[in-house]
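Protein sequence lines correspond, in order, to chains V and S.
By the working numbering, the letter at position 518 of the first sequence is numbered 518, and the numbering carries on one by one without gaps.
By the working numbering, the letter at position 36 of the second sequence is numbered 580, and the numbering carries on one by one without gaps.
Don't read these hints as lab results, they were simulated from the structure.
Positions of the beta carbon are idealized from the N, C-alpha and C atoms, including for glycine.
Just so you know, not all the hints are guaranteed correct.
Stated by the list, open to error - Computed Cβ-Cβ distance ranges for the label pairs, DEER-style:
(1) SER96/V to SER571/S: 41 to 49 Å
(2) ARG401/V to GLU631/S: 39 to 47 Å
(3) ASP136/V to ARG585/S: 26 to 34 Å
(4) GLY602/S to ARG401/V: 54 to 62 Å
(5) ALA556/S to LEU360/V: 31 to 39 Å
(6) THR35/V to ALA556/S: 50 to 58 Å
(7) GLY305/V to GLU606/S: 51 to 59 Å
(8) ALA43/V to HIS630/S: 25 to 33 Å
(9) ASP37/V to ALA556/S: 44 to 52 Å
(10) GLY305/V to GLU619/S: 31 to 39 Å
(11) ARG25/V to ALA556/S: 52 to 60 Å
(12) ALA556/S to ARG6/V: 28 to 36 Å
(13) THR547/S to GLY307/V: 52 to 60 Å
(14) SER571/S to PRO308/V: 40 to 48 Å
Each chain, letter by letter, is given below.
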Amino acid sequence: MSEEHRIPGTPASGGHAFGAVHVYRRMRFNQAPVTIDPAEADAEIGRFRSACTDAMHELGRIAELAGSGGGDIITTHIEILRDPELRAGVESRIRSQHLAADSAVWGTFEQYLALMRGSGNPVFRERMVDLEDVRDRLLFRIRYDASQAVRLEGQILVADDCTPTELVEWARQGLKGLVLQGGGRTSHASIIARSLGIPKLVAASNALAGCTDGVPAIVDAETGWFVVNPSEATRTAYRERMAGYEAERARRLAIAGEPARTACGEPIVIRGNIEFEDELPAVRLHGAEGIGLLRTESFFLTPEGEGPDAQIRFYEAAVHACDPHPVTIRLFDVGGDKVLDNRVPEANPFLGWRGVRILLDRPELLRTQLHAIHTVAARHPGRLRIMIPMVADPGEVEAVRREWEAVAAGTGVRVPIGIMVETPAAAIEAAEYARISDFFSLGTNDLTQYTLAVDRGNPRLASRYPLAPTAVMRLVDMTVEAATAAGIEVAVCGELAADPESAAWLVGLGVRELSMAPASVPAVKEHLRRHTLADLQAAARNRF
Amino acid sequence: MRTETVTVTNPAGIHTRPAAMIVQAVSRFQSDFHITMYGYRINGKSILGLLTLAAGPGSEMELEFDGPDEDAAAESVLALFEAGFHEHE
Chain V
1 MSEEHRIPGT PASGGHAFGA VHVYRRMRFN QAPVTIDPAE ADAEIGRFRS ACTDAMHELG
61 RIAELAGSGG GDIITTHIEI LRDPELRAGV ESRIRSQHLA ADSAVWGTFE QYLALMRGSG
121 NPVFRERMVD LEDVRDRLLF RIRYDASQAV RLEGQILVAD DCTPTELVEW ARQGLKGLVL
181 QGGGRTSHAS IIARSLGIPK LVAASNALAG CTDGVPAIVD AETGWFVVNP SEATRTAYRE
241 RMAGYEAERA RRLAIAGEPA RTACGEPIVI RGNIEFEDEL PAVRLHGAEG IGLLRTESFF
301 LTPEGEGPDA QIRFYEAAVH ACDPHPVTIR LFDVGGDKVL DNRVPEANPF LGWRGVRILL
361 DRPELLRTQL HAIHTVAARH PGRLRIMIPM VADPGEVEAV RREWEAVAAG TGVRVPIGIM
421 VETPAAAIEA AEYARISDFF SLGTNDLTQY TLAVDRGNPR LASRYPLAPT AVMRLVDMTV
481 EAATAAGIEV AVCGELAADP ESAAWLVGLG VRELSMAPAS VPAVKEHLRR HTLADLQAAA
541 RNRF
Chain S
545 MRTETVTVTN PAGIHTRPAA MIVQAVSRFQ SDFHITMYGY RINGKSILGL LTLAAGPGSE
605 MELEFDGPDE DAAAESVLAL FEAGFHEHE
């Protein structure tokens, strides 16, 4: 079967890629057992044991964050992972039935689940959920580890969906393009794909059904096509298109090196938003001056965790990557769409236990992070700033500042500390917050969703509201005014800053610092360089 | 070897939390620990084994401790049964 076959998709990260298809099915659970060469048994057992250890560490961290709320269930899950009978069952399946680690885990859990299914006791229902949860956690760990051995050099990965961690992992293995059946343009993983420059299509229905491993394909993440088995004519057409695209990219990168200022010479600071260490080279490449938003939640997604050493290493790497410019570190902003602990379900996670609310309930987490930041700041004076996420009450800022003052006194280093303005509450009372903040950074994504009461991930609502509603513009205006009156800096680090038109009116309203995904920097710079400040101010005032 | 017979008295039976408590208590000891209930024998250090017993209130269990620290192991498990797994605290 070598007919050309075209599948439409939504571009989530631009560009083109030629390559061989690699089909990735993460949750292929109820599969036929996979057997191994008996000589591989020790290696498979090793994979199973390290998956258990990783899963236990992960649960330990979750238990610490969940506190008393979900502790019992997590303790049970850890005990299941320690269960000597279960572990002996898995290892004997690997050794004597020559099963791969994931098949052995599946079979062993299935044995217990069958027993529970057959008992007719309603209490077992609850236990089955726990058992399935632990099983899936283990299978994910085993396959996550297995995926590291896969060579993706020059390949196009086709999957149902992917997490930011998986994407970073695949990019390290040389992934060229990504096609997802599900996923969204604004998802976390899509933001990372843009930052890493990996062409990506989302919502490509039936992409998995249309292809098999090794088949040649083209990802066209400019016009939105996944072309499987392209004909010679299609290949030639795409080669020409790619040459044109590369020329445009080169032109943009040349602009990236130009100073960021308006046509009349008003300087604007443009910085990058970064989450993973792999993205750091993109900051300088796209002409961003430092990092305006360094997200720190990724520690919770990796097996090494959020210990002080891992933090210090990451912050050092960020400081080095954008020397001599500053780096603004956002304190852990877990919760919301970055749920750490799905064992304590919340009806409304975006209005729930997240951001500074978690930090104040888990002071050891806050202290460890403040210490790590101050350790790096002591080595690089003037290069770091701290940003507090999800502030809705001045008392929260004061409480964080008390911890911050204690760490500052202990280390003799003073790192400026500001707040992320992303709740209408913070924008409305901006004057109040300006007294207790060294700077403001407007998080326009959350600010928009909290102002309009619109879930940004809901596809039914996505196209109904403008990118920059006037209500949000007014809140931005109020925040800028309060910051200016108090003499503190105000930046914007949400998606709005990455849209050239919106960036223009933000500058018109008085914002002089924008932070965005690095790949968006050249286009914004180009747009701002074409307009005078007077034009931008007039345009902004005309908007509302 | 030391054997004890106990009756489950807490109203919810040996559900996940008491099972985790038993396993945690007994895993600190070297001795082997087995439970026999209605002719079904399981490793008492295995939480899944305990759960598959589905021991409701009133169930009678035979506990069997075997090893150098069997008495201490037995005391720690018996204490949990006597306290009804602290369910009313």
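Hints versus structure:
Taking 41 to 49 Å as the suggested C-beta distance range, the pair SER96/V and SER571/S does not conform, at roughly 26 Å. Hint check: ARG401/V to GLU631/S, Cβ distance near 43 Å, so the stated range 39 to 47 Å holds. Distance hint check for ASP136/V and ARG585/S: the Cβ-Cβ separation is about 30 Å, which falls inside the suggested range of 26 to 34 Å. The beta-carbon spacing between GLY602/S and ARG401/V, approximately 58 Å, falls within the hinted interval of 54 to 62 Å.
Distance hint check for ALA556/S and LEU360/V: the Cβ-Cβ separation is about 34 Å, which falls inside the suggested range of 31 to 39 Å. For the pair THR35/V and ALA556/S, the supplied restraint of 50 to 58 Å is violated, since their beta-carbon distance comes to about 42 Å. Between GLY305/V and GLU606/S the beta carbons are some 43 Å apart, a value that contradicts the proposed interval 51 to 59 Å. Evaluation of the 25 to 33 Å hint for ALA43/V and HIS630/S yields a failure: the beta carbon distance comes to about 44 Å.
Between ASP37/V and ALA556/S the C-beta distance comes to about 47 Å, which sits within the given range of 44 to 52 Å. Range check, GLY305/V to GLU619/S: Cβ separation about 37 Å, and the 31 to 39 Å hint holds. For ARG25/V paired with ALA556/S, a C-beta distance near 40 Å fails the hint of 52 to 60 Å. Taken as a hint, the range 28 to 36 Å is violated for the pair ALA556/S and ARG6/V, whose Cβ atoms sit roughly 58 Å apart.
Between THR547/S and GLY307/V the beta carbons are some 46 Å apart, a value that contradicts the proposed interval 52 to 60 Å. Range check, SER571/S to PRO308/V: about 30 Å between beta-carbon atoms, so the 40 to 48 Å window is missed.
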